[in-house]
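Engineer: Protein chains in written order, with our numbering: chain A, 1 to 260; chain B, 261 to 296.
Just so you know, the hints here were simulated from the structure itself, not pulled from any lab data. Certain hints may be false.
Keeping only pairs whose Cα atoms sit at most 27 Å apart, straight-line, the calculated DSS-like set for lysine-lysine is [said to hold, decoys possible]:
(1) Lys184/A to Lys73/A
(2) Lys101/A to Lys134/A
(3) Lys8/A to Lys52/A
(4) Lys289/B to Lys10/A
(5) Lys289/B to Lys180/A
(6) Lys294/B to Lys212/A
(7) Lys282/B to Lys184/A
(8) Lys283/B to Lys76/A
(9) Lys283/B to Lys8/A
(10) Lys271/B to Lys52/A
(11) Lys282/B to Lys211/A
(12) Lys73/A to Lys53/A
(13) Lys282/B to Lys72/A
(14) Lys72/A to Lys289/B
(15) Lys72/A to Lys283/B
(16) Lys211/A to Lys294/B
(17) Lys212/A to Lys282/B
(18) Lys271/B to Lys237/A
(19) Lys282/B to Lys48/A
(20) Lys53/A to Lys294/B
(21) Lys237/A to Lys294/B
(22) Lys283/B to Lys180/A
(23) Lys134/A to Lys52/A
(24) Lys53/A to Lys257/A
(25) Lys8/A to Lys289/B
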Amino acid sequence: VIRPVLDKYKTLYFYDMPYEGGVCDRNIFIDGLTPAHNTELLVSHGLKNWGKKVYTLAADYNYGQITADWVKKYVKDGGGEVLGTEFFPLDATNFGSTISKIQAAKPDWIMTVLVGGGPISFYRQFHAAGLSGKIPIASTTFGGANDQLVLTPEESDGIVVAYNYIESLDNQVNAEFLKKFRAKYGADYPPISDLTMSSYQGMLLWAAGVKKAGSIDRDKMIDALQSGISIDGPSGKVTLDPATHHSIFDVHLAAFKDKR
Amino acid sequence: MNLLETFPQRKPADTAAVCDLKKSPREAKQYIIKVN
Numbered sequence: 001v002i003r004p005v006l007d008k009y010k011t012l013y014f015y016d017m018p019y020e021g022g023v024c025d026r027n028i029f030i031d032g033l034t035p036a037h038n039t040e041l042l043v044s045h046g047l048k049n050w051g052k053k054v055y056t057l058a059a060d061y062n063y064g065q066i067t068a069d070w071v072k073k074y075v076k077d078g079g080g081e082v083l084g085t086e087f088f089p090l091d092a093t094n095f096g097s098t099i100s101k102i103q104a105a106k107p108d109w110i111m112t113v114l115v116g117g118g119p120i121s122f123y124r125q126f127h128a129a130g131l132s133g134k135i136p137i138a139s140t141t142f143g144g145a146n147d148q149l150v151l152t153p154e155e156s157d158g159i160v161v162a163y164n165y166i167e168s169l170d171n172q173v174n175a176e177f178l179k180k181f182r183a184k185y186g187a188d189y190p191p192i193s194d195l196t197m198s199s200y201q202g203m204l205l206w207a208a209g210v211k212k213a214g215s216i217d218r219d220k221m222i223d224a225l226q227s228g229i230s231i232d233g234p235s236g237k238v239t240l241d242p243a244t245h246h247s248i249f250d251v252h253l254a255a256f257k258d259k260r
Numbered sequence: 261m262n263l264l265e266t267f268p269q270r271k272p273a274d275t276a277a278v279c280d281l282k283k284s285p286r287e288a289k290q291y292i293i294k295v296n
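Chain B with its partners taken away, still in its complex shape (with noise of 0.2 Å):
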């Protein structure tokens, strides 16, 4: 593969938008998106 550009250390910004574990620690479901 040619390697075209690299983005380092990238996070989960789609989920951390909706889950935070530290502050409900008991949560257990999915998060689904909607677009309009």
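Here chain A stands alone, though its shape is the one from the complex (with noise of 0.2 Å):
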């Protein structure tokens, strides 16, 4: 929606937040995950790990639904099978229904692309029905906005996710990030995640444009950003990709364990 708009004023934009993939527009920078950064990966792992019948819940609107579409295809590649794909607003908060449509169709493994307050309800549901540890479930949103916290360990342990950045890398830039981050909000200051790290790491990138441009004019930032650029922030090596303007980085795959 925003694009239009963008480039009718000619605007730098940075966008931060996984999406859907597909975007390809001059004056658009993105350093947030797209489906072949961490969908793939998740699905891979579930198809190799738990089986090969999947059950899919996603946010309903374009994010959602495009990335169930890149599931069914990663899905359909690996020898696998989607059983259902149902899509919930981001306010919705009973789940009763599904889990007893889960039930019945008895997937090996879940695959969550909700987005949303409401539908941290889903988890907790999930777990009082006595599923969690049964069916295991891979996400591609679950800890964005530190989902985990509101939940019980009993409700989120073993979620597995795909993310760029996650608190525990052991690497020596994120070492004097998470220093100074601390001495400056304190040590009990939630867990930084994928999102947030994700807004620190784009205006990384914008600076190093600026830096190589010797300028904000904006034509002269794009020919800066789109030469290969690569920042080496918290979450390793950033690349923006000259051809697509989106982000070659790590991707670690990892379970949540104790509300972290």
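Since each chain comes alone in its own frame, lean on the hints to assemble the complex.
Structural biologist: What follows is the structure in structure tokens.
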């Protein structure tokens, strides 16, 4: 929705959120995850470790709908089967009928592409139904907004995600960043998620572009940013791909444990 | 979180399959996957 406005006013735009992929736009640079970064890895992990039958729960707007299509593609490519796909609004809180359908379908694992505060209820109701620990969950979104903090460890332990940044990354840049961040905001500040780090590193990429261009002129900035520029951030090396204006970076598969 | 596996320097292959701004620098659209 925002792209035509940005194009009309010739505005440079950094998009720092995970999204469904496919944007091809001279004015836009993206350091959020796309399905090739995270969804493909999660599906591959699930098919290899949990089984071939998948059930997908996704947000009912373009991110969830298109990512659910990517799930279907990757599952099909991997020789698996999507038993069912359901879409939910951002404020959905009642997952009783969905959990009944899951129990009837008997998937080997579940993929969630849920967005919003309401759908966190799914994980609580899933656990209450006695399914957590029995049917594994992979998610493109869980934890991005520290969802695990409002759940118990029993409700969130073991959920597998794929992110460019997790706080426990063992590198010097991350160690120095965390030391300064905790000194300023407190040791008890909530975990820094991939979403948060993506915004920070988007600013670092912008700054690297300004430094290389020697200007904030849009065309000079675009030339600098699409020259193969990279930063060494807390998540590691992040390079802007000149052809797509998207990012090349490390992606980590990880499982939640004890609300972190 | 328990780190399970790291995939170094992963590329946006989905978008790279349809987008090349070096060849078409004036492009401004979003490609949508079609799943049959």
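Engineer: Taking each numbered hint in turn, which are not upheld by the structure, reported in ascending numerical order?
Structural biologist: Of the numbered hints given earlier, those the structure breaks are 1, 3, 5, 6, 7, 8, 13, 15, 16, 19, 21 and 22, listed in rising order.
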